[in-house]
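*Asks:* One letter stands for each residue in the lines below.
There are 2 protein chains.
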Amino acid sequence: MTDVLILSRSEAERVFTMKDALEAVEEAYRAQGEGKVINPKATSFVVPGYNGEVDIKSAYIESMNCSGLKFAGGYWDNPVKYGLPSVIGVILIADGSNGMPLAIMDGTHVGAYRTGAAGGVGAKYLARKESERVAIMGTGNQGRLQLLALLENFDISKVYAYDRDKARRTAYAEEMTLKTGVEVVSLDEPRKAVAQADIVVTATPATEAIVFDDWVRPGTHINAIGADMPGKQELDPLIFKRAKAVVDLREQCIEIGEIQNPIREGVITELDIYAEIGEIVAGKRKGRLEDDEITVFDSTGLGIQDVAAAYRAYVNAKNRNIGKKIQFF
Amino acid sequence: MTDVLILSRSEAERVFTMKDALEAVEEAYRAQGEGKVINPKATSFVVPGYNGEVDIKSAYIESMNCSGLKFAGGYWDNPVKYGLPSVIGVILIADGSNGMPLAIMDGTHVGAYRTGAAGGVGAKYLARKESERVAIMGTGNQGRLQLLALLENFDISKVYAYDRDKARRTAYAEEMTLKTGVEVVSLDEPRKAVAQADIVVTATPATEAIVFDDWVRPGTHINAIGADMPGKQELDPLIFKRAKAVVDLREQCIEIGEIQNPIREGVITELDIYAEIGEIVAGKRKGRLEDDEITVFDSTGLGIQDVAAAYRAYVNAKNRNIGKKIQFF
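First to last, the sequence lines map onto chains A and B.
Each residue of the first sequence is one higher than the one before, counting from 1 in my numbering.
Each residue of the second sequence is one higher than the one before, counting from 1 in my numbering.
Among the hints, a few may not be true.
It does not matter which identical chain is used: a pair holds within one copy or between any two.
As the list claims (entries may be wrong) - Listed below are the simulated BS3-like cross-link pairs for lysine-lysine, each with C-alpha atoms no more than 27 Å apart in a straight line: (1) 179 - 158; (2) 179 - 166; (3) 232 - 41; (4) 179 - 19; (5) 325 - 81; (6) 19 - 318; (7) 19 - 158; (8) 129 - 192; (9) 325 - 232; (10) 192 - 166; (11) 232 - 318; (12) 324 - 192; (13) 324 - 179; (14) 286 - 241; (15) 36 - 81.
None of these hints come from the bench; they were simulated from the model.
Nothing here was measured: the structure is a model prediction, and the numbers come from that model.
So here's chain A without its partners, still in its complex pose:
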């Protein structure tokens, strides 16, 4: 009763695949759409003097009867200064019945995969079913995971990769072609990537538009992943004049998501947000209606994703007897 399961990063990797992430995140969104979650406002603070920030997300999901939180550090100088990853996370989940911790696990793998899966679920409900060409704008870790998530739900034939850093985008194209068996090409012009894509993914730390309105063809779906703080931006606000805008959480996206930008600039208002993704997954609102609609999914990341993902990893680990049991209390 009082054992807590500890999962290291390598153990979490073994028990939590992209398929797990997609199912867990879809369940989290569905529960959200049904009003059966608690998803408190995240806590974030900057650690002065270290170019670092701490981000704490928490949630409760009724269907899993599970509460929990993710503690995540984002320290952008870590790779150079310490040889450490820039994002480090720990997730704790607890039994909703009595508050007893069930598991404490590395949240870096689980957290990254649940973010990848957010895009996968967004595209499942918003992109055209026959989407086969993907533009990946920003070829870092999320550029990889977003693509892996899309490959689970779509029959992708070609991927266009763009990054400001040519070496990065070239390496990405090579690596991901090998890894996925799909042709991934690196393009020097971002416009060419976007203009040929059915699904566009933006996964950069940009603070101004990198995808412009006149590049975007009718029928395109855009997963806007990068913006998760005030001041971040990846899309030309004008895109929102034509697009159906879906968010993960209204009040959060208005503050820190991509949609902060078109709202601030007066291109749209909060009332122009079509739906939360959970409402669509739960069947309360329709997703894509027309083939030539432009759709945008503004994903900022929710505590329910972390809790649902970690709960899935915990159940898988228990079933396969992976991880260390610690007598904590």
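Since the structure of chain A is already known, use the hints to place chain B on it.
*Replies:* Coordinates of chain B only, in the frame set by chain A:
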């Protein structure tokens, strides 16, 4: 570099004494008074259907270069339904330089002791130095820890214990006499306890006054520990008309502390709060000025206490080679 120290409850008990708690909490308050902490608003939510709540407090303390959080479950039916404690906590602390978790530990012991120590530090700065008689109102776990904390700082000669539950207060008197060597007597009339005391501690879950204004002699110091939610109350609001009111955090106490009550009833306003305890510990404001002042310390509990306490426990454990090192990342 990537090891995380895990401390179970029994290990935390070995490495974290009341003396540690008093020093850690005093340092946390001092840092707060010097403006060298980040202490975000706590996150709390009720878990529907289980008479439970989850409370998450986080902080960063510059002098320790340490960030962290406490996840605490409060489930009031746990003892009867599951044979589990009603309060269960886990604390995580991380290196402020790079976000790497340093330790994950049981937060039940550390959390309870840091709450005890809050009263100890409050009394150190606000009670008369020669205080020797203590009234403990509410003889649960905090009633015990609050007394242990006071014994570290004062030469206590007599303790008057009151609780609505006669069996509880009688057991407390016996147990604490044996444990402390000080005469602890159980009283049937709360008035008699308060009227004879130099220091009064309220540590109950009460939602209406249990200590009345005309019982309180000039020169008394009151540690108001119980109130930590809207609707909680232990003191007659009229006491605040005469008392110097010190809080742990202004904006938090106004919402959830004892001081919510006299403010709501118009007995005082927010402007009548004399100081935050941190301002006094840091030497920016004086504590007690006159022997016949009545002083109240409204302690609601801060993330900085948890982080400072856990950091102390971590350092002690490392020095004594206690706990399990886990390769987490």
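*Asks:* Does each hint fit the structure? Answer for all of them.
*Replies:* Hint check:
1. 179 - 158: Within. Shortest intra-copy distance 14 Å satisfies the 27 Å Cα cut-off; inter-copy 74 Å does not.
2. 179 - 166: within (20 Å within a copy, 71 Å between copies)
3. 232 - 41: both (19 Å within a copy, 24 Å between copies)
4. 179 - 19: Within one copy only: 16 Å inside a chain, 57 Å across chains, cut-off 27 Å.
5. 325 - 81: Answer is between; shortest inter-copy Cα gap is 24 Å, intra-copy 34 Å.
6. 19 - 318: within (18 Å within a copy, 40 Å between copies)
7. 19 - 158: For residue 19 and residue 158, only the intra-copy Cα distance (21 Å) is at most 27 Å; the inter-copy one is 65 Å.
8. 129 - 192: Answer is within; shortest intra-copy Cα gap is 22 Å, inter-copy 77 Å.
9. 325 - 232: Classified as neither; 41 Å inside a copy, 38 Å across copies.
10. 192 - 166: So residue 192 and residue 166 pass the 27 Å test inside one copy only (15 Å; across, 80 Å).
11. 232 - 318: Cα proximity of residue 232 and residue 318: none, with 39 Å in one copy and 41 Å across.
12. 324 - 192: neither (49 Å within a copy, 54 Å between copies)
13. 324 - 179: neither (31 Å within a copy, 37 Å between copies)
14. 286 - 241: within (19 Å within a copy, 59 Å between copies)
15. 36 - 81: between (43 Å within a copy, 24 Å between copies)
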